[in-house]
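Peer 1: Now for the letters of each chain:
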Amino acid sequence: MSGYPAPDVIWYSPEERLPPPGGRHRGVGGHLRALVHAAGFLGLLLAGVVLLALTAGPVVVGGILLLHLFVHMHGQLPWPQDRADVLGVLASLACYGAVLPAALLAVRRLALRTSRLSARWCGVTIHQAYVPRPAGRHPDSSWLGYRKRLNWLLGDPATWRALAWLAVNAVAGLMLLLVPLLSVGAGIVAFIIPGINAFPGFAEGAVPRPAFPGNTSPVLLLIGVGMVAAGTMLAPLTLRGYAGLARWVLAPSAQAELQLRVAHLARTRSETLDTGAAELRRIERDLHDGAQARLVAMGLTLDAAGRLIDADPAAARALLYEARDASAKALTELRDLVRGIHPPVLADRGLADAVRALALDSPLPVQVTGTLPGRPPAPVESAAYFAVSELLANVAKHARAETAAVDLRHELGALRIMVRDDGCGGADPGRGSGLRGIERRLAAFDGVLVVSSPPGGPTEAVLEVPCALS
Amino acid sequence: MRVVIAEDLFLLREGLIRLLEAYGFEVAAATDNGADFLAAVRKGGCDVAVVDVRLPPTFTDEGLRAALTARAEFPGLPVLVVSQYVEQLYARELLADGAGAVGYLLKDRVLDGAQFTDAVTRVARGGTAMDPEVIARLLARNAAPEGPVGRLSPREREVLELMAEGRSNAAIAARLVVTERAVAKHTASIFTKLGLQPSDDDNRRVLAVLAHLGR
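Residue numbers (this note's numbering), protein chains in the order written: chain A, -3 to 466; chain B, 44 to 258.
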């Protein structure tokens, strides 16, 4: 294995996997959308408060109780009643410990949700960096597995950032979100509705008219409409402030971000080197056992033919034909080998036509759409080609599909290829070593592979590699 | 029969010249790049061209493009393209104009002189010579049990392979050691199963079959 020990980090930056941020709230529709988004964030916030209470609450309460009991015990030690209390508190803390990993995971998921939504709704990108889950030989239920899981979660700064976000969110975030929502809500409930009801001919409603001098119907309506308008006007601003707050708490510091980036690069580099070395070994072995061996055999056959040519011309001729056949076999093997290293059609025509050639060789009809206005760098081209080749092979082997489609394009500074089939779905990147291999290959170029394959299909795999065309 | 050759590897070019001359062809010009090849073709008096796909200066598909240009300028000019590897994509492009008189072979096939020169003659006479590897991949694509090729009997499949390579009924009969009438029966059955209009013209039927399978 590699000699580059590097902590593993999975990078997740929402803008890589999401449609370009659309959340610039402009116009009346935009402002109304901002209100809806604020309400959405508020829902997340409430879930976060519950989660925070579940996660951190027992620790705080249990700690206070224990402290209190210990202070109590120092005074009157022999009371058995207190010891039972201590044991009770410890036991409930242990129970709480059992569900702690799940709770922490939920906290992280909530924070990730927030950063995704702030990218989609507010156009504020929050990079997230997670230490990936350790590969576990121990099941989650075992003590070792539990320790590993908890160590992983508590050792990942992202967990603490997520917890801090829940706390900050519950106070500062709540205030920010409530400004537009309360303004609109209160404007409608406390002023507009009573204002309408105060018109002559309406019965006084359930909400009493605010009691201040001059609380006539037009004044109330004016105040109400003003509050609704102010809330709506303010909504995009507070939403941006909210997303900024989230970024301030959730995004790793610049230095931490750099550290994580370096770790990521070191890991992908070592994986690339490993893959390259393994590939060279394979080529060496193929040449050694294949073409090289055949050439040796051919030399021997030709030598024998040379010795026989005067004494037994017929036998010599047979040997010569044999040598010819061996050379044809050697050529076939070399051709297959070259195809595996760098397909000639890719060198000749570039990625789009090479993918078309792959589609023609596929056992099922594959439709290829899209064009590339130029050629990506050769290493990217090669990695993308083999990724598509592997994906199409998977479709033919596992998907039980009738047809497949490939779409290639270059947009927003990235090469984007989608492979879709109408098969049975259920492809799992975690299980298939092939998909994992593609991810590794693409990671060397900061590329990503996203597979969506619900059981019952269809399967859609999208690979994206940031690159420029030449 | 006058041949123009475009092949950049000296040894292979000389080998081709020697082989073709040994079988009674006349080599009108032997060039080592696409531009010279086109100039030689434009001079006229060429019955068939043998072109390597990869030629200088780009060492990509320069030869193929030169061959397609020559065919665009001189419709129906017989061209045999040889290459170190075969791609269905290129076979399609060569067949696209539907005029026939096209060949696409692996360079390995040069090793069997008689077969190779037979292919050159066939192309020169307006026929087709597709490499067995192209055909094998084309058939593999259509080999699903419900697909057009899946419904053929093993013998019909053999006949289809040889026919798609561009061979005449007589040649197929000789190869499979059966009578020509038996081959004719098989081809009729193949055309029925593929849903194609039967044709006595060797060339037209090959193009029909290739077009059908390559859809």
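Bear in mind the hints are in silico, worked out from the structure with no lab data behind them.
It should be emphasised that the depicted structure is a prediction, and the values quoted were computed from it without experimental measurement.
Please note: incorrect hints may appear among the correct ones.
Unchecked claim - Selected chain B positions facing chain A (Cβ under 10 Å, derived; list incomplete):
1) 87
2) 90
3) 101
4) 131
5) 134
6) 150
7) 151
8) 184
In this text, a Cβ means the ideal position worked out from N, Cα and C, and glycines have one as well.
Peer 1: Run every hint past the structure and note whether it holds.
Peer 2: Consistency of the hints with the structure:
Look at residue 87 of chain B: its Cβ only gets to about 30 Å from chain A, farther than 10 Å, so that hint breaks. Because the closest C-beta pair between residue 90 of chain B and chain A is about 28 Å apart, greater than 10 Å, the hint is violated. At about 9 Å, the closest approach between the beta carbon of residue 101 of chain B and any beta carbon in chain A falls short of 10 Å, and the interface hint on this residue holds. Given hint, residue 131 of chain B at the interface with chain A, holds; its Cβ is 4 Å from that chain's nearest Cβ, closer than 10 Å.
With a least beta-carbon distance of about 9 Å to chain A, the hint placing residue 134 of chain B at the interface is held under the 10 Å criterion. At about 8 Å, the closest approach between the beta carbon of residue 150 of chain B and any beta carbon in chain A falls short of 10 Å, and the interface hint on this residue holds. Annotation: residue 151 of chain B was flagged as interfacial toward chain A, and the flag holds, the nearest CB pair being 5 Å apart, inside 10 Å. Hint on residue 184 of chain B holds. Least Cβ distance to chain A is approximately 6 Å, under the 10 Å limit.
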